[in-house]
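These are the residues of each chain, in order.
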Amino acid sequence: MSQPIKCSLCEEAATVHLSQVVHGNVTKVHLCEACAQKGGATDPAVFQLADALTIASPAPTLTCPKCGFTDIDFRKRGRLGCPDCWETFGDALGGLLLKVQHEASHVGRAPAGTLPAGQLRRRLDDARVEMEKAITGEDYEAAARLRDEIAGLEQQLAHS
Amino acid sequence: MSSVEDILAAENELTHLLGAQQAVVLSTRIRLARNLEGMPFPGWAKVPQRKEIADRCVEALDALPKFRRGHVLRMGELGDRDRAVLVERHLVSKELAAGKSGAAVISRDQTCSVMVNEEDHLRIQVVKAGWHLRGTWHIAEQLDDALGGTLKLAFSDRLGYLTACPTNVGTGLRASAMVHLPGLCLAGHMDKVSRALNQDGLAVRGWLGEGTEAAGNVFQISNQQTLGLSEEAILKHLGGWIRNVVEQEWNARRKLAQEEGEKFVDRLARSLGVLRSARLLTSSEAMNMLSHLRLACDMGCLPEERRHLVDRLMIEGQPAHVQARAGQELDSDGRDRRRAAVVREALKDFPEVVPPTA
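First to last, the protein sequences are chains A and B. Residues in the first sequence are numbered consecutively from 503, following our numbering. Residues in the second sequence are numbered consecutively from 2, following our numbering.
Honestly, the hints are just simulated from the structure, not real lab data.
Covered, in the sense of this in silico footprint (three residues per stretch, anywhere, with C-beta under 8 Å from a C-beta of chain B), are these stretches of chain A:
no. : region
1   : 573 to 582
2   : 592 to 600
3   : 603 to 613
Every residue gets a Cβ at the ideal spot worked out from N, C-alpha and C, and that includes glycine.
Go ahead and model the full structure; you've got the sequences and the hints to work with.
Below, the structure written as structure tokens:
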């Protein structure tokens, strides 16, 4: 059985099919009930086919090589296609990430409970600064604890 | 007996366990979003891929000791009412229940449920009655480690756990508390509190999560940021705010009880009176009056050991639960009649409301 034709503007099944001939070129638009209503497709005098087309099919500028997801798909759905999309769209999403997350890089757990090398290094830098502070502040108990942590981190880094 | 009937019949800590309930905080929840490496996210995957994802995830989950003698529920095999019951119990989301290719693996004690093929391949959820942020987190952490041991999870050194939506990337962690805030609502402070929480990066939602109303003065407060903060920092931030909100709620309650005096007790007593004798009860009416009973239990106006019964009625008074208990589809009047009967029966030996001691 063939797949039902999807609406050019959303993912619903299309029930309104329009053809328009412009300078001898035939263009077709398929719309669902809701989008057709919205675009005024029920009133040919009002309906701007060209408008629908410009929303429906601007050329994608980025495509995930792994799953075929494009930046246009992202604009429609607000979700990515697969984990590898993050590689493809990562830079383009930078602004959005800063807006919704206020941060650009991960701090926290990794699979199997280990910290990735980048995080180990960051923690090591912080711990060294904290130890200096503890020594200056004569908090030797904290300094000793940090010294042990630093030794542990250095060992983990040597093995990673 | 279907698995969903089994879930309904089983005693679990949110509805039955005496002593697990606490004043103000109904429950603590941890959610982790995880995905399999190399597979498209459920919303973009083709049907056969979604099936493969479900099979691989369910197999891995089913093998974990945590889910021994638990439930494996495939949404496509369940009726509408069973799926609605799971949503009302917060075991699955509306989104998962709406699709055919989703599955849920639920531990026998119903504290852990993993949604498969929701927005992400895996949504690990752990819920404990009362306020237990650390304990709930540790269970989720162990589940995550166990799953990471058998499944190759999508992770990047720079962005952390990779998710379908940019709002979950990084830790994939959503930590939340379900809080009962009748004092702040009655005092008219809830808008202010909501705004303060929003401004500091926390979301405030209604009883059934995103886009739902706060029936019964119950709100869900959760972190929004998942990237650039460690799990530890996220939990600490939420924990600090919840303690603050609980304190403000108690202040509002005490102030109300003191200022209103007899009127305060009268309000609670009236709710008990209506619940004990009504023949027709709508779902929101029941929630709002049960909220008064819970407040009464917290304040010493009713015995504290009745609180778990109030919590159970809040859950079991929802539409799908009422129908499941009745064993039949009921129209709106039929549900209201049945709900009233269940509540009347449960409250028949409740003592009278007395002035507060708390």
